[in-house]
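S.K.: Go by the hints and put chain B onto chain A.
Chains A and B are the protein sequences, given in the same order. The UniProt record's numbering numbers the first residue of the first sequence as 1 and each following residue consecutively. The UniProt record's numbering numbers the first residue of the second sequence as 1 and each following residue consecutively.
No wet-lab data here; the hints were simulated from the structure. Hints may contain errors.
Unchecked claim - As a list, the in silico DSS-like pairs of lysine-lysine whose alpha-carbon atoms are at most 27 Å apart:
id, chain 1, residue 1, chain 2, residue 2
1, A, Lys28, B, Lys194
2, B, Lys194, A, Lys24
3, B, Lys183, A, Lys28
4, B, Lys187, A, Lys13
5, A, Lys24, B, Lys187
6, B, Lys204, A, Lys13
7, A, Lys24, B, Lys204
8, A, Lys90, B, Lys194
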Amino acid sequence: MSGYFSDLYHGTKSLLVGLGVTFKEMLKPTVTVHYPRETLTITPNYRGHIELVSDEKTGGSLCITCGMCARACPSACISIHSEKPEGSKKKILTGFELDFTRCSLCGICVESCPTDAIAYSQEYNLAGYSREEFHMDLLGRLGKGGGSLT
Amino acid sequence: MKTEAFKDESRHRFLLNMGPQHPATHGVLRLVLEMDGEYVVHLDPVLGYGHRMHEKMAEARPWPSFLPNTARMDYLAALPYNHGYVCLIEKLAGVEVPRRAECIRVATSELNRVASHLLWLGAFLLDLGAFTPILYGFDDREQILDILEDITGSRLTYSYFRVGGVYRDVDDRFVENTRVFIKRMRKRLDIYNKLVTDNIIFIKRTEGIGVISPEMARRYGVTGANLRGSGIAYDIRKTEPYSIYPELDFEIPVGSRGDCFDRYLVRIKEIEQSLRIIEQALDMLPEGEFRGKAPKKIKLPPRAASFAVEAARGELVYFMVGQDSDVPYRLKVRVPSYANLSLIAELCQGMLIADLVSVMGSLDLVIPEIDR
Chain A
1 MSGYFSDLYH GTKSLLVGLG VTFKEMLKPT VTVHYPRETL TITPNYRGHI ELVSDEKTGG
61 SLCITCGMCA RACPSACISI HSEKPEGSKK KILTGFELDF TRCSLCGICV ESCPTDAIAY
121 SQEYNLAGYS REEFHMDLLG RLGKGGGSLT
Chain B
1 MKTEAFKDES RHRFLLNMGP QHPATHGVLR LVLEMDGEYV VHLDPVLGYG HRMHEKMAEA
61 RPWPSFLPNT ARMDYLAALP YNHGYVCLIE KLAGVEVPRR AECIRVATSE LNRVASHLLW
121 LGAFLLDLGA FTPILYGFDD REQILDILED ITGSRLTYSY FRVGGVYRDV DDRFVENTRV
181 FIKRMRKRLD IYNKLVTDNI IFIKRTEGIG VISPEMARRY GVTGANLRGS GIAYDIRKTE
241 PYSIYPELDF EIPVGSRGDC FDRYLVRIKE IEQSLRIIEQ ALDMLPEGEF RGKAPKKIKL
301 PPRAASFAVE AARGELVYFM VGQDSDVPYR LKVRVPSYAN LSLIAELCQG MLIADLVSVM
361 GSLDLVIPEI DR
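Pulled out of the complex, with its shape left as it was, chain A reads as follows (with noise of 0.2 Å):
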């Protein structure tokens, strides 16, 4: 019988005290963010979908079509599409393409990338209605501004 009698005293206690922390808690600020109508900065070591850079000089891209990136990536999301023009000797890049749905964000390629030509983008804010959407044309990007400058 005493056991019980202490159990109870204890018991309550127990309750009260967790109680008090909840209570304590609840008159401090709030941790939480109310996305989307706030959002918290990234921080800019943020590894989203790969970009290519732009080049200073040229405004083009710096990649040379070596396709070490291809190589590298497990899963096989980059392709590259190059051309020769007739007198050159250097390939010239004619189409980056990624399939971001493959993509399992490692970064193998960046790595890989001899000339320093792919970047992460700062973008997380990542939704869509088809798969489509997420075949991503990086070169065509690059040309509208979309690719990252560092």
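M.R.: Just chain B, lined up with the frame of chain A:
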């Protein structure tokens, strides 16, 4: 504990499906329960709903391409999984790791362990019907995720470790933020103790429930906090130390009875110990390289090697056989949750279904890790 009801075979029994979509199974796990009223007579776990052939994928691609996969097995504590894999490759190829990188690896892994335990704490108490602790747990976990996001660039599936070091160096801001967090977390542990550990309802729901004897734990190969809750001080960080763990001063908390309450206490104490480890790792963080010189192409030699690390849920072992190419011949991943789940059929016989939820929660299962 067998009840009178079992002896009478004429009583009406029924089958109950718990899962595959049930909040208390924390993922797509299905438990087929044979019930006698409120009591569980027999349990059959059905696995494989989230099977993604990770081991087969490792055999079909060069080893660097498997690195993102390792984070996706246990998404709540991805860094120890990265750690085991890169250490295995380093062992096979004989790559040296700079000391700064080792310190960063240990500090971030332990941060990840704390984050995982905090989420477990919230989810466990949510299963038992307490809603408040998960909100506090998530608040603290958010601080860790912010710190880790700042250096790794990612919030959950980090892929942060690389063979020969880490992917990006840490800065003073990381050290400062982590120290602030440690200070804050020590204060918060006090809140958790007031709110949960002493709570009479919580004690009644967990004390003496789901007792795993040391003999039973050994028989099933249980590891991690579940084993330590049964009183066996087995932790890879002490028994088979890797990285800089031999130099660190920390304790292995153990329980005495092996019930749900002990497993809870062990994890709470582990958070304290992890904070100590992080502090020490930050103190001894030397200047220097964060990524050593690893050869770009590593051919895996045709021999077998294995590497064990202490993940948040227990012992994680990678076993790899090379074939003189960069594609491994075989990769086997020994995950802790699989062994931790296997004992539940024996453990829950004659148990109330409400207690089964308590036991499931206390085992800290991550289903994608079991299915992998």
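S.K.: It remains to establish, for every hint, whether it holds in the given structure.
M.R.: Hints, verified against the model:
1. Only pairs whose Cα atoms come within 27 Å are accepted, and A/Lys28 paired with B/Lys194 is accepted, the gap being roughly 18 Å.
2. Taking the CA atoms of B/Lys194 and A/Lys24, the gap is near 12 Å; set against the 27 Å cutoff, the hint holds.
3. The hinted pair formed by B/Lys183 and A/Lys28 meets the criterion: a straight-line CA distance of about 18 Å does not exceed 27 Å.
4. A hinted pair counts as satisfied when its Cα atoms are at most 27 Å apart, and B/Lys187 with A/Lys13 qualifies at roughly 21 Å.
5. Of the pairs offered as hints, the one joining A/Lys24 and B/Lys187 holds, with about 14 Å between alpha carbons and a cut-off of 27 Å not exceeded.
6. This hinted pair checks out: B/Lys204 and A/Lys13 have alpha carbons roughly 15 Å apart, not beyond 27 Å.
7. Between A/Lys24 and B/Lys204 the CA atoms are separated by roughly 25 Å; this keeps the pair inside 27 Å, and the hint holds.
8. For the given pair, A/Lys90 sits about 69 Å from B/Lys194 by alpha-carbon distance, which is inconsistent with the 27 Å threshold.
Hint 8 alone, counting from the list given before, is not met by this structure.
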